[in-house]
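Enquirer: Order-wise, the sequence lines are chains V and D. In terms of our numbering, the numbers along the first sequence are unbroken and rise by one, the last being 488. In terms of our numbering, the numbers along the second sequence are unbroken and rise by one, the last being 772.
Watch out, some of these pointers could steer you wrong.
What follows is a list of derived Cβ distance ranges for each label pair [unchecked claim]:
1. D:R616 x V:D343: 40 to 48 Å
2. V:P377 x D:M502: 38 to 46 Å
3. V:F258 x D:R514: 52 to 60 Å
4. D:V552 x V:M221: 22 to 30 Å
5. D:M502 x V:L392: 36 to 44 Å
6. V:G393 x D:L520: 41 to 49 Å
7. V:P405 x D:A654: 13 to 21 Å
8. V:P465 x D:R676: 41 to 49 Å
9. D:V492 x V:G393: 29 to 37 Å
10. V:L236 x D:V492: 41 to 49 Å
11. V:A226 x D:A672: 20 to 28 Å
12. V:L236 x D:A615: 24 to 32 Å
13. D:G556 x V:A464: 50 to 58 Å
Sample of chain D residues lacking proximity to chain V, with all beta carbon distances greater than 10 Å (derived) [said to hold, decoys possible]:
14. L469
15. A518
16. A534
17. F540
18. V544
19. F547
20. P600
21. L617
22. P680
23. N715
24. V763
In short, the hints are calculated from the structure, not lab data. All values derive from a computational prediction rather than experimental measurement. No residue lacks a Cβ here, since even glycine has one placed at the ideal position from N, Cα and C.
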Amino acid sequence: MTSRSGRPAGGGAWGTMLAVQALLIANSLLVLLPMFFMVLSSFKTTREIFQRPFGFPARWTWQNYTGVWEAAHFGIYFRNSLAVTVAAMALLLVTGTLAAYALARFPFRGNDLIYLYFLTGIMVPIRLAIIPLFILMRDLRLLDTHWSLILVYAASGLPSAIFILAGFFRAVPRELDNAARIDGAGELGILVRVMLPLVRPALAIVTIYNIIPIWNDFFFPLVFIHQDRLKTLPLGLTVFFGEFATNWALLFAGLTLAAAPVVGLYVVMSQQFIKGLTAGAVKG
Amino acid sequence: MRPSTWAGARPSPGPRRLSYRLSRALWVAACLAPALLLFTVVVAYPILSAMAYSLFRWDGIIRGGFAGLANFRRLFGQYPYSARMLTAFWHNVWTFVLTMVIQNGLGLLFAALLAGRTWGAGAYRAIFFMPVTLSLVIVGFLWQLFLNPVWGIVNKGLALIGLARLTLPWLGDAHTALVSIVLVNAWRWVGFPTIVFLAGMQAVPDEYLEAARLDGAGSGAIFRRVLLPLIAPQVNIIVILTFIGAFNWFELPYVMQGVTGEPNHATDVLGLLFYRSAFGAVDTGNPDVGLGSAIAVVMFALVLAFSSIGAVYLRRREIEA
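Produce the complete structure using the sequences and hints provided.
Expert: What follows is the structure, encoded as structure tokens:
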């Protein structure tokens, strides 16, 4: 056994292995048990949650879920989150791909400068600009619309998207698009039919890197959105918690419902999630 | 990035070439224009304005005259702003330190445990990383219920295993509130440093570890003298990201402890102070855009200074390596 962690091989290997497994299992429980109790509690009554917090429900009931769905506009919040996330991702992918392609494959004066201009945005925490953004959205009459969120998410995703995509575009061999050009293909056709299929992995990374933070974002809706019917899921959840503070059964059902889509997707494609979300910090 | 490998390698001038160059220039401009417009209007311009705003007087969100450094003087020298600022600042520092030790320390440990041919490593990796995908609003509310002093499962569980002495009002007591939400934050994030460190360790060639072992180094020595220096770039990135995260901390304190950082400002951080100044003032209830902008400038400077130092250090290490 080659042990990269520098643990001794051979000798007391069994003891070490057991200790390692014990630690790993302990932390797995620490992660999974809270989720388990969240789901379990969502099938109980509030009285049961208080009296037998670790026990199974006497009668499994979907009542909390129907209650949440009816009482708390969850359907609307969910639709809003979906609409904002999809629109922001579409805008980010289209503008980011076009810009990265132009910067990576066409020489012109100022190319490096524009690339650097985009890249300066990579470390800047955009939420520190919330006051000017608030005033900007007010002036554009976009306050209290989904467009305020879509524009901010797409724009603040551009630096990392251009960085990742430009790297992939540069790696595509010159001969491919030149051959298409000699065959008389238009520039847009070359980009869509020749280049895009080759940078699909980069598009996937950019998507996951942005889609989870956008879906989960709470700060910008908190500032921009006031009408209840326009609120996204994280913001709607705060409304819901304020309204039903003492009805724990309902609260747990709401939390479970809110967590379900992302956790469900994660279970299906955890490798892509891990790769995409650590893209900024892990090379390759 | 050699120019000769780029598109249409320098065509000779001529009438047909000229129209080709023109159409290519138009194409490039059309590709760049949407992103440039979006980035300039929604990122670059607001960031620069945020700096400028701190130098003006404000009445609500209507800009008044030039104020020089008056907002900064208020922030650093006038009660209650200076006191709030200092309290919040130290809470951010404390959050950074605790997160470094607890969350990133555990991340390093888990990465070391998962490296090599540990049984079930893939499954553990996926489990540890799962909370990273959860919304902080969900995480905050979930743990708020769990940490409830009377009905929460944390205290009920402690009582169950005979630790009734430890059943504290975690979020309500000024001594434990900040540490509690730092721990909740670590619960959500620990998978992230784990994966980053793990990727670094897996890139270390087996021969290095083998050679050290043949030289008679113990496992502790191998970890400290061989593995740790080789994953220095990953450590560096995690330190920078942790710093940025700690000094922009907002969601968890807001969701769990309210906009003033209950109890009695025990969990107040710069992010909350900034939000209160910008949208509903520190103590009076009115927005104070000048003060808020000054806080934003301070936060921005802190993050920029720290990440620049980190980036320079990182580059030097990479050159040495």
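Enquirer: Would you list, in rising numerical order, the hints stated earlier that this structure does not obey?
Expert: 1, 6 and 13
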